[in-house]
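For the sequence shown, counting from 1, position 84 maps to 84 in the numbering used here; every step adds exactly one.
If you're looking for bench data, these hints aren't it; they were derived computationally from the structure. Watch out, some of these pointers could steer you wrong.
Said to hold, decoys possible - Keeping only pairs whose Cα atoms sit at most 25 Å apart, straight-line, the calculated PhoX-like set for lysine-lysine is:
#, residue 1, residue 2
1, Lys575, Lys587
2, Lys545, Lys575
3, Lys575, Lys586
4, Lys575, Lys544
5, Lys561, Lys545
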Amino acid sequence: MNNLIMKKIFFGFLLLTGMFSESFSQNLSAPDIICVTTDFVTGNVTINWDNPTLNPCGPFERYVLYGATSATGPFFIVASITDPNQTSYVHVGANATILDWFYFMTTEHTCPGFTSDSSALFQEATLIPNSMDYVTVLPNGVEINWTVGASPQTVGYIIFEFNTVTGDAIAIDTVYGRNNTSYFHTSSSAQSGTIAYTVTPIDGCGNRAGMFAEFHRTIFLSATVQQCSPDASLSWNLYVNWPGISAYQIETSIDNAPFTVAQSLPDSSAGFNFTIPGLTGDTLCFRIKAVHQNGTTTSNSNVVCITPDIIRSTTFNYLRRVSVNSAGRVDIEWYIDSTADINSYRVRRSDDDNFFADVETLPVTAPVFLNNYTDASAQPDESSLSYRVVSLDDCNFERESTTGKTIFLSGTSQGGINQLRWTPYVLDNATVLDYTLFRFEQTGLVPVQTLPPTTLEYTDEITTSISDDGSFCYVVEAGYQLNITGLVNENLRSVSNTFCLYQPPVVYVPNAFVPGGKNNMFKPTLLNPNIAEYEFIIFDRWGKKLFETNLLNAGWDGTNKGEEMPMGGYAYYIKVVSLGGVAEEKKGMVVLVR
């Protein structure tokens, strides 16, 4: 058959003609027409068949080929074949380029009582190319799927792989059975690149349809990841020759667990930067699933697996507390992801909430959840101080913490009253519940008053309080709730700087004394004696100076140069200057009693 010949294949259906003339009659098997071929140059038709087993009941006479241009006839004898081994015949003059032909065959023997069966009836028609359904990559190869061939005489399919080097379609295998519509290509190289496949139907003679189905390509996925990037860069080729794609799904599997959909992307997507979770030491696998517009048909890519060895930066960094300790330094606490690859912390401080300067760089060997640091260079008694802590990893990625701000306590004193005021405690994710003012006394810290979170001042009346040195020192403590969703919910306290006020000295002077008696010495009593200067002088009634001292504990015993002074009134002069520079003088008379 020359290259100008195009092949036409005949649809066949079974024509039931096996009728028995008698209940005891027997049948003679007919040849099985397996294919016909039309020469579109001459219009001649070649009929091919398989011969039946000859019946030994009597001599073989002939095979009879019947033909008609209508399925209902009338049929006439096209050929009478007397050679029992002949398997083809050319119907010359069929003019099949214009007419449609129908054929069937019978067998005749000299066998009284035997009836000849008829073969299946074939209608002339072109062997129709079928359509590709989908290709998908599986762990050990590629599954190729197609639709059932429309021509009944289809007996199988040839599977072709497209050679990207030569541009040729290479037959890789044949699948027999019209309803067998899938093939698994175990030697596929789809793990290293995209592969295109197609199929074409064949008839019983090995003739194939004149055209291929459209090629379908496997999806090839590649993934790259860098140590200092939290993302895996995924790229793949688009699936072609579907009428439409509803989505590309990124599926992931950790340590051979079942694949699950991690991301769904639009139909034109061919790449995505996938953020890798903290999986150091684990195996993370990816594959792409193209979803047909029908919502059910899918095609998988190859599987790409990586063992992430990226530098894992912390996912959170929260200040827990900033507080002034008893030494006047600032304690800072913070929470950090202990699984992160952190190599150092930078503690930053600001006294104006604008510019944060590095205070200290702390090396890290193994991160822990709760961390602490004491800022020894801080001056929390001068102003409120704000803090942040920055974590750094080997890729120099920084994550700055939330902000915390110390309480700054200050105030003024006047006339037995200490007026205290303080800045609010500020900490992200924290709610201040109350403030408690404490005063230092000989027994330790004594709570003065607990105040609501909106109150930032307090007046402390200390007219009845006594201080050995005239100082009254305070701290304010904030009670607060720290609530970080999914991490902690706790009640904590933060302390301010220690702040001291100095009340002016209070001078009490007795009006009489008895030398040698119970009250045998005359001297003033000083309350809150925060004294910078002290002067105490005794005069007689004529203004003569009898006694003078600048010692706080020294008193007049009623003598002058060892001589006892007579009973009577004597003048005194007392002058004190406080540490704050406030001067107070007292003048009066004291009675010496003998």
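Okay, the hints, checked on the actual structure:
no. : hint              : in the structure
1   : Lys575 <-> Lys587 : holds, 9 Å
2   : Lys545 <-> Lys575 : holds, 15 Å
3   : Lys575 <-> Lys586 : holds, 6 Å
4   : Lys575 <-> Lys544 : holds, 18 Å
5   : Lys561 <-> Lys545 : holds, 11 Å
The structure meets every hint from the earlier list without exception.
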